[in-house]
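**Q** Please put together the full structure from these sequences, using the hints given.
2 protein chains.
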Amino acid sequence: MEAAQLVHVHRGKMLESVHKGHIAVVDSDGNLLYQAGNPQQMVYARSSMKPVQAIPLIETGAADFYHFDDADIALCCASHNAEKQHTNRVLSILSRIGLDVKDLQCGTHNPRWEEVYEELIREGKPVTALFNNCSGKHSGMLTTAQHMNETVDDYYKLDHPVQQRILEAISSLAEFPKEKIEIGIDGCGVPVHGMPLDKLAYCYARMANPTGLSNERTTAVKRIAQAMMNAPEMVGGTNRFCTDFMRVAQGRAFGKAGAEAVYCIGDIETGIGIAIKVEDGNGRGTEPVAVEVLKQLNLLTDEQLEQLKGYHYPQLKNCRQETIGQLSPVFQLESAKKHIQ
Amino acid sequence: MEAAQLVHVHRGKMLESVHKGHIAVVDSDGNLLYQAGNPQQMVYARSSMKPVQAIPLIETGAADFYHFDDADIALCCASHNAEKQHTNRVLSILSRIGLDVKDLQCGTHNPRWEEVYEELIREGKPVTALFNNCSGKHSGMLTTAQHMNETVDDYYKLDHPVQQRILEAISSLAEFPKEKIEIGIDGCGVPVHGMPLDKLAYCYARMANPTGLSNERTTAVKRIAQAMMNAPEMVGGTNRFCTDFMRVAQGRAFGKAGAEAVYCIGDIETGIGIAIKVEDGNGRGTEPVAVEVLKQLNLLTDEQLEQLKGYHYPQLKNCRQETIGQLSPVFQLESAKKHIQ
Numbered sequence: 010m011e012a013a014q015l016v017h018v019h020r021g022k023m024l025e026s027v028h029k030g031h032i033a034v035v036d037s038d039g040n041l042l043y044q045a046g047n048p049q050q051m052v053y054a055r056s057s058m059k060p061v062q063a064i065p066l067i068e069t070g071a072a073d074f075y076h077f078d079d080a081d082i083a084l085c086c087a088s089h090n091a092e093k094q095h096t097n098r099v100l101s102i103l104s105r106i107g108l109d110v111k112d113l114q115c116g117t118h119n120p121r122w123e124e125v126y127e128e129l130i131r132e133g134k135p136v137t138a139l140f141n142n143c144s145g146k147h148s149g150m151l152t153t154a155q156h157m158n159e160t161v162d163d164y165y166k167l168d169h170p171v172q173q174r175i176l177e178a179i180s181s182l183a184e185f186p187k188e189k190i191e192i193g194i195d196g197c198g199v200p201v202h203g204m205p206l207d208k209l210a211y212c213y214a215r216m217a218n219p220t221g222l223s224n225e226r227t228t229a230v231k232r233i234a235q236a237m238m239n240a241p242e243m244v245g246g247t248n249r250f251c252t253d254f255m256r257v258a259q260g261r262a263f264g265k266a267g268a269e270a271v272y273c274i275g276d277i278e279t280g281i282g283i284a285i286k287v288e289d290g291n292g293r294g295t296e297p298v299a300v301e302v303l304k305q306l307n308l309l310t311d312e313q314l315e316q317l318k319g320y321h322y323p324q325l326k327n328c329r330q331e332t333i334g335q336l337s338p339v340f341q342l343e344s345a346k347k348h349i350q
Numbered sequence: 010m011e012a013a014q015l016v017h018v019h020r021g022k023m024l025e026s027v028h029k030g031h032i033a034v035v036d037s038d039g040n041l042l043y044q045a046g047n048p049q050q051m052v053y054a055r056s057s058m059k060p061v062q063a064i065p066l067i068e069t070g071a072a073d074f075y076h077f078d079d080a081d082i083a084l085c086c087a088s089h090n091a092e093k094q095h096t097n098r099v100l101s102i103l104s105r106i107g108l109d110v111k112d113l114q115c116g117t118h119n120p121r122w123e124e125v126y127e128e129l130i131r132e133g134k135p136v137t138a139l140f141n142n143c144s145g146k147h148s149g150m151l152t153t154a155q156h157m158n159e160t161v162d163d164y165y166k167l168d169h170p171v172q173q174r175i176l177e178a179i180s181s182l183a184e185f186p187k188e189k190i191e192i193g194i195d196g197c198g199v200p201v202h203g204m205p206l207d208k209l210a211y212c213y214a215r216m217a218n219p220t221g222l223s224n225e226r227t228t229a230v231k232r233i234a235q236a237m238m239n240a241p242e243m244v245g246g247t248n249r250f251c252t253d254f255m256r257v258a259q260g261r262a263f264g265k266a267g268a269e270a271v272y273c274i275g276d277i278e279t280g281i282g283i284a285i286k287v288e289d290g291n292g293r294g295t296e297p298v299a300v301e302v303l304k305q306l307n308l309l310t311d312e313q314l315e316q317l318k319g320y321h322y323p324q325l326k327n328c329r330q331e332t333i334g335q336l337s338p339v340f341q342l343e344s345a346k347k348h349i350q
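Residue numbers (the numbering used here), protein chains in the order written: chain A, 10 to 350; chain B, 10 to 350.
Because the hints were derived from the structure by calculation, they are not lab data. Take these hints with a grain of salt, some might be off.
In silico PhoX-like pairs for lysine-lysine, Cα to Cα no more than 20 angstroms straight-line [said to hold, decoys possible]: (1) B:134 with A:134; (2) B:22 with A:166; (3) B:326 with A:166; (4) A:111 with A:93; (5) B:166 with B:134; (6) B:166 with A:326; (7) A:22 with B:304; (8) B:22 with B:304; (9) A:304 with A:326; (10) A:22 with B:93; (11) A:189 with B:304; (12) B:189 with A:22; (13) A:134 with A:111; (14) B:189 with B:166; (15) A:326 with A:22; (16) B:93 with B:134; (17) B:304 with B:318; (18) A:166 with A:189; (19) B:166 with B:111; (20) B:111 with B:134; (21) B:93 with B:111; (22) A:187 with B:22; (23) A:111 with A:166.
**A** Here it is as structure tokens:
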């Protein structure tokens, strides 16, 4: 199935660009409920997998041993701005586990939060791995490795127990065989996991409504989802969709973006999982789609939709701060009653 | 006609993202020679129109009056990095015409060249319109306005003679009626021009081989194209495709990128014009397509293609500087013998 038109980008009255892609809406029994484009499209989950990647952090007992609160767990699921609230907490986690910023193997990129970047430059300080948007996830991986008395210098490699536990958890939650999961390397050096879009949606459905999971797994996924919803500022940060969406959803849903234009949502109230992939990989397309899916599924009130309007219909501004265009979702979800197994 | 698959983005062995779009290859007699996707797709030329927008700068005599050399003219066609070589020259132009940075109406964005940005921060200096990638074009517009004794505070408005002369030049070169040109507002506040992709390619074909143009227009477009090819470092800057492509092409072709993933090339030797639009607006898709079109049309030697390999098949690196993926062009141009009028 071809990608569906998802978002139109208008400049003035003329259509300037188009984002196409795929959507799968799945319930926790593994039924594909709605779709657009190809709901079985193979996708790398990228950072949308972070909440699932946090499962071993809970299940090994590492989170409890090192006194992780909701904000700590949420930060392990984050692609954060590197605001002080994020970097201070990463430092706190590293300190608790007896490690240091130099143990983070995620590599470096400039901090997303411009004030932090400018402060580093003004003070002549280096951009370290601390400021990488994935430093929370890497701290979480190190926490598990420390707790399990495993080596900490190679935790990012696929054959390390940290990554093998994660692979096991993903395969089990998705009910998708490990050997079929396509492995690539993420922007931060750890394995990324390729699977059909509906399987990714199914992971989120089962985190939202842990059906058929062991008691231990049920506790773990509930704790992770609750942590994200209780500390949404940790998952992204100021002016970030993940954070603002979870604030507006007020405990009914959790969501996480992934690079190359992936977005996933789990809705606690209905047990529905949503996975979105904009095929061109441009993240600007995912937010209008995510809000529109929530609207079409009646998962948010009109008031909540109004609060998310800036993400639903983003305005394009130019360097003179004039509004010169707009993004608009243009798809209609199709019903699709079938089991995804 | 639907957009064609143009570029595949692989991470490891798996296809992660796809860029679709449209290509038109036109000769200077107005024949559509080759196509992919929809060669009549309506597109905003964005900054790809800058070389055409420079025509009145030459034809009014403003460039000669203010002693513009090739580098000055090339800078008026640029989306520059805001390296010192660019900003110093903008200051020189403004000084020659008796105006100042505050007269640039392009608005501000952070300088593209990171060293310049960091220097501004370290020295506590403000980001002004000087550093806008369009400040060269705006200096050129101001130059024409000054030379013609026109107002300089509203040169960016559609009804100002500066913009009306530009509109006239575009319409005439494209042989596309003014009233059919779709007007939007660019990132820097001036009008942008929407027209079918093949008309945009035709503009470049006629600049490459000025067929059926007045002597005055012929002189102007030849001077602009030569200026870009003689001073390619002004058109983009260090590590920029426009600059590196024109260096490698060694005077046989000129090219200019436009925002939202437009790219146009004029080939002097054959009089061919090429216009590319990646439909999703992601600029990373245009460079592999541009080089691949040049390859399929046999406009570059194997040695030249080898020099442009990094743009033809861009490697994706992660924050650890590991190569984790690659972009590859995947289209085949189709023959299309028909007149575009």
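**Q** A separate judgement is required for each hint: does it hold in the structure or not?
**A** Consistency of the hints with the structure:
no. : hint             : verdict
1   : B:134 with A:134 : holds, 19 angstroms
2   : B:22 with A:166  : holds, 18 angstroms
3   : B:326 with A:166 : holds, 17 angstroms
4   : A:111 with A:93  : holds, 18 angstroms
5   : B:166 with B:134 : violated, 29 angstroms
6   : B:166 with A:326 : holds, 17 angstroms
7   : A:22 with B:304  : violated, 36 angstroms
8   : B:22 with B:304  : violated, 25 angstroms
9   : A:304 with A:326 : violated, 25 angstroms
10  : A:22 with B:93   : violated, 37 angstroms
11  : A:189 with B:304 : violated, 37 angstroms
12  : B:189 with A:22  : holds, 13 angstroms
13  : A:134 with A:111 : holds, 15 angstroms
14  : B:189 with B:166 : holds, 18 angstroms
15  : A:326 with A:22  : holds, 15 angstroms
16  : B:93 with B:134  : holds, 15 angstroms
17  : B:304 with B:318 : holds, 11 angstroms
18  : A:166 with A:189 : holds, 18 angstroms
19  : B:166 with B:111 : holds, 17 angstroms
20  : B:111 with B:134 : holds, 15 angstroms
21  : B:93 with B:111  : holds, 18 angstroms
22  : A:187 with B:22  : holds, 16 angstroms
23  : A:111 with A:166 : holds, 17 angstroms
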